[in-house]
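Asks: Just need the whole structure built from these sequences, with the hints factored in.
This is what each chain is made of:
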Amino acid sequence: MQSFKYARPESLPELLELLEKFRDRARLISGGTDLLVKLQHGNLAVEVVIDIKRVAELSDRVVTTNGWVSIGPRAVIGRVVRHPGIESAYPALVEAGRIVGSVQIRNRATVAGNICTASPAADTVPPLCAYDARIRLVSTEGSREVPLRSFFVGPGKTVIAPNEVLAEIRVPAPHGAMGSSFDRITRRRGVDLATINIAGVLHDNGTAVFAFGAVAPTVVVAEETSGDLCDPTVSADRVDEVLKTLLATARPISDVRSSKEYREAMLLVAARRVQRTALERLTQARGGRE
Amino acid sequence: MNEMTTVPIAVTINQTRYDVEVKAHHTLLEVLREQLHLTGTKRSCGEGECGACTVLVNGEAVNSCLVLAAEMDGAEILTIEGLERNGELSPLQQAFLDRGAVQCGFCTPGMVMAAEYLLRTTPHPTEAEIREGLSGNLCRCTGYEGIVEAVKHAGRETDS
Chain A
1 MQSFKYARPE SLPELLELLE KFRDRARLIS GGTDLLVKLQ HGNLAVEVVI DIKRVAELSD
61 RVVTTNGWVS IGPRAVIGRV VRHPGIESAY PALVEAGRIV GSVQIRNRAT VAGNICTASP
121 AADTVPPLCA YDARIRLVST EGSREVPLRS FFVGPGKTVI APNEVLAEIR VPAPHGAMGS
181 SFDRITRRRG VDLATINIAG VLHDNGTAVF AFGAVAPTVV VAEETSGDLC DPTVSADRVD
241 EVLKTLLATA RPISDVRSSK EYREAMLLVA ARRVQRTALE RLTQARGGRE
Chain B
1001 MNEMTTVPIA VTINQTRYDV EVKAHHTLLE VLREQLHLTG TKRSCGEGEC GACTVLVNGE
1061 AVNSCLVLAA EMDGAEILTI EGLERNGELS PLQQAFLDRG AVQCGFCTPG MVMAAEYLLR
1121 TTPHPTEAEI REGLSGNLCR CTGYEGIVEA VKHAGRETDS
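Residue numbers (this note's numbering), protein chains in the order written: chain A, 1 to 290; chain B, 1001 to 1160.
Treat the hints with caution; some may be incorrect.
[Unchecked claim] For each label pair, taking beta carbons as the anchor points, the in silico distance ranges come out as: (1) P13/A with V1020/B: 25 to 33 Å; (2) N205/A with N1014/B: 55 to 63 Å; (3) R98/A with R1017/B: 29 to 37 Å.
If you're looking for bench data, these hints aren't it; they were derived computationally from the structure.
Beta carbons: idealized from backbone N, C-alpha and C, even for Gly.
Replies: Right, here's the structure in full:
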């Protein structure tokens, strides 16, 4: 592996000071499952790797507060998907998180890291976008909040400034009944990257939000308000028609994992599955409310 | 706190404490094998795809090729060398031998450690849970059947 220095700040001010000093010559490590692969390949210009695991202000927990669920930047995927508050309200995130990498990867990799790596194929990103998650960033200049939907600039690129750190992932609590689901297409079941992935969230008021991964340089989010995707009496043909208008925003390409044509075909297949499961869940949630 | 090129760490490996200086850019796998000569843990892909380097860190199965040794200060690590008791193989290790779960043997230490983690978290796994629990470990010889049988058998044994 290429050589670099290692720093282990014990507090947020110490971490921010290091970031000010090294700017883009520094990389943060929590799980390290993406970073170490890049460092092994020697294709990152890194002078110092900063370990954030001792920074108490950066939580490793999931906390449910009034109207929000807060996922700490050091919370590992394996724990997040087993959190009761996540399991009960955000099944699409659970379904996505459960298939990231392998058991060993999920024990180490964080949701925050999956986001910050900014891979177009990241599995936890479409569900979090569909749930309209916000990202809180902090630096020596203060704190700001960014919708996850506008967080990505391109493959591997985000709006994070070199002196900023992701401090919190905030997911709004559902207002009213909600049904959601996630699906992905891969070449093999374990330890593979998504050929495409999709999350769908159906709201009681008729709004449908879909997010697609691996079909454009960044995640694509499409919203629809006709109510047809949230209505169990609507015909399959009409559902297909609406899904196709949503999918028109995807811009798949051909690469090592799939051809453009296969991606386009599988998008509709996966979108149908996601809509069907999400609608079942929405119907259940509506029933449970009476 | 300074940036370091070598990092002093105190780790407990298989219940023995080690105080060592490690290079900032060395992985846990490199330090286990090259510095501490615990060569039971294997290196194969070096990027988290094959699971041959699986060890338990603070009770969690991880790929030791994707962990910096410097991150391990204060950690408790269990490697394949730590499973035996008084010179006897653990029931899980014995089950691997009894069920023909070993052919060339290179994946075996990682496979056993992934199975050890599975049985600690799910003492009586179903076949589906075993296959899911071992999906981060590749074996090019056995076709996995013997391995799944061994873990199933070891899971039953822990009952008595």
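Asks: What are the numbers of the hints the structure violates, in ascending order?
Replies: none
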